[in-house]
Amino acid sequence: MEEYTYPVDRPERTVPHAGTARVEVRPRVTRQTILGMGFEIQSDSIASGNNGLPDDTTSVPHDLTRSERDRLAEQMLRGFRYCRIAGGLYWRGVGSDGRTLAPRWPEQLLEIRELLTRARVDGVSLENWSPPAYWKANRRLHGFPHGGPKDPENRLRCFGSHWKDDTEYRGDTERFLSDFARANVADIATLEAAGIPVSMWALNNEPNVNTPYSSCHYEPDEWARTFAAVAPEVRAAYPDVSIIGDCADHTARYLHRFETLYPQLVHLVDFTVLHTIGYRSDTVVPMVREVRAKLAKNRPIFQNEYEYLTDPASADRCLNIVNNIMNWFQLADAPSWFWIHALKPVTNSEASGYSLGYWMPAVGIPDDLRDTLPAALADLQPGTWTWNPHNWNAVAGFIRHLPWDSVVVEVHEETPDSDARVLAFRRPDGRLTIVASNHTGADLSVAIDSGRRTGVFRGYRYTPDDAGHAAMGVAIGTSSGPRWTSTLPDRSWEFWVEDLQ
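Position in the sequence shown counted from 1, then plus 993, gives you our numbering.
To be clear, the hints were calculated from the coordinates, so they are not data collected in a lab.
Do not rely on the hints blindly, as some may be mistaken.
[To be verified] Label-pair restraints from in silico Cβ distances:
1. D1364 - D1090: 41 to 49 Å
2. S1060 - V1356: 17 to 25 Å
3. D1459 - R1064: 17 to 25 Å
4. D1115 - E1005: 19 to 27 Å
5. V1356 - G1164: 44 to 52 Å
Just so we're clear, the structure is a prediction, and the values are computed from it rather than from any experiment.
Every residue gets a Cβ at the ideal spot worked out from N, C-alpha and C, and that includes glycine.
Produce the complete structure using the sequences and hints provided.
So this is what it looks like as structure tokens:
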């Protein structure tokens, strides 16, 4: 929602910062485990501005040369735990029965498996943007052609206006949903058989939308009824796959309706997942508090789609991403956090706000489009990629310095400030890491009490334009003993990592 979105340029502070901040870390007081972070992959084509589904196969890793696929896996994706697979959108081929998903070209799933294996990604989160057209009242993946009116039949057949006249199911909603549940289970089986482990499953991405690309609109009652039919089958077939919901917006209204109508099935949902796309970092806590008050079960909450829908990446938006991640982990007890796209093609208008990097399609681009691009993108060779630093640098430090299964520890801020955030966690090897950011508009001296009697901490600084060698940050020295003060320039953030004892 636009009123929550962080702008390209930093809003003026109404109250100047004092220039100092005091932070007390309490390493013995533990909070949630951070399982790891996630990303999404554009493994099939989408038109610029998300305006339709082309027939071409412009996608990653498909377009990339072998060496560029390896570089993507090793330099960007290694460290992420999860990859989001967009069923019916970026994985939209259809099996011979028309009911299940399949590769759209023969090697599609092999390409994805090889990329994720080389990146050492743990598993995927499978979410339908749209089920195959067989299941839809409009018999297509997308909601409407670009520029056309929204199609009210962009929903499951059993909720369409002509359901009672359906010649196959003859209005039998229970039988339809039972078959639909089996198809969802079969989609998981297809990925698993291809060597792509499934870690999470969701019924539908953003059931509240109706779009010119793949989508399937549900009213809350419809979503609840469908989820109640499908989720038990997924759990029975794959008990180790985490079930997430509702993946709609920041209100969790679909999940709330499900809990109201099917209280006996509430236990099936492992994680509440919100979409807070491009939101200001200071919205995290009030939104999570509101959702927790609404839902019956106090389950872990995280967001799994962060990007900027409109306007480009920027230095100030970079700091908002950093602070957003820190607030989700330190203040909202989130077990994960997902960026949306690893790479977007240089041809797509949404690429700057969406991506951690850009790739040049294997077929190249027309000269008239090339003339509109910055030199760094226009000069890319077909099948190669480069970084989008204002997004990548924001995420990179957490990928490099936040191992899977780290545990957040308590932090006390003497004077909390939404532009100067802090995060502290213990790595699985026991080392403490403290993260501090400064987006106040001036230098900020941060006095840190680590809660450790002894120990050496090594500092690594990041800025929107500099993530250091191999995105490890720029080394800024060491601090010994329990307390130290670091002066952070405006628009910077630092990771202080404890040495092994």
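Practice task
Just tell me: holds or violated, for the beta carbon distance of S1060 and V1356 against 17 to 25 Å?
Solution key: About 19 Å separates the Cβ atoms of S1060 and V1356, which means 17 to 25 Å holds.
Problem - Outcome for the supplied range 19 to 27 Å, where the beta carbon pair is D1115 and E1005 - result: violated (42 Å)
Problem - 17 to 25 Å as the expected CB spacing between R1064 and D1459, which holds or is violated - result: holds (20 Å)
Exercise for the section: Note whether the CB distance of D1364 and D1090 lies within 41 to 49 Å or breaks it. Expected result: holds (47 Å)
Practice task
Kindly confirm whether 44 to 52 Å is satisfied by the beta carbon distance between V1356 and G1164.
Solution key: holds (47 Å)
Hint violations for this structure: number 4 only, all remaining hints satisfied.
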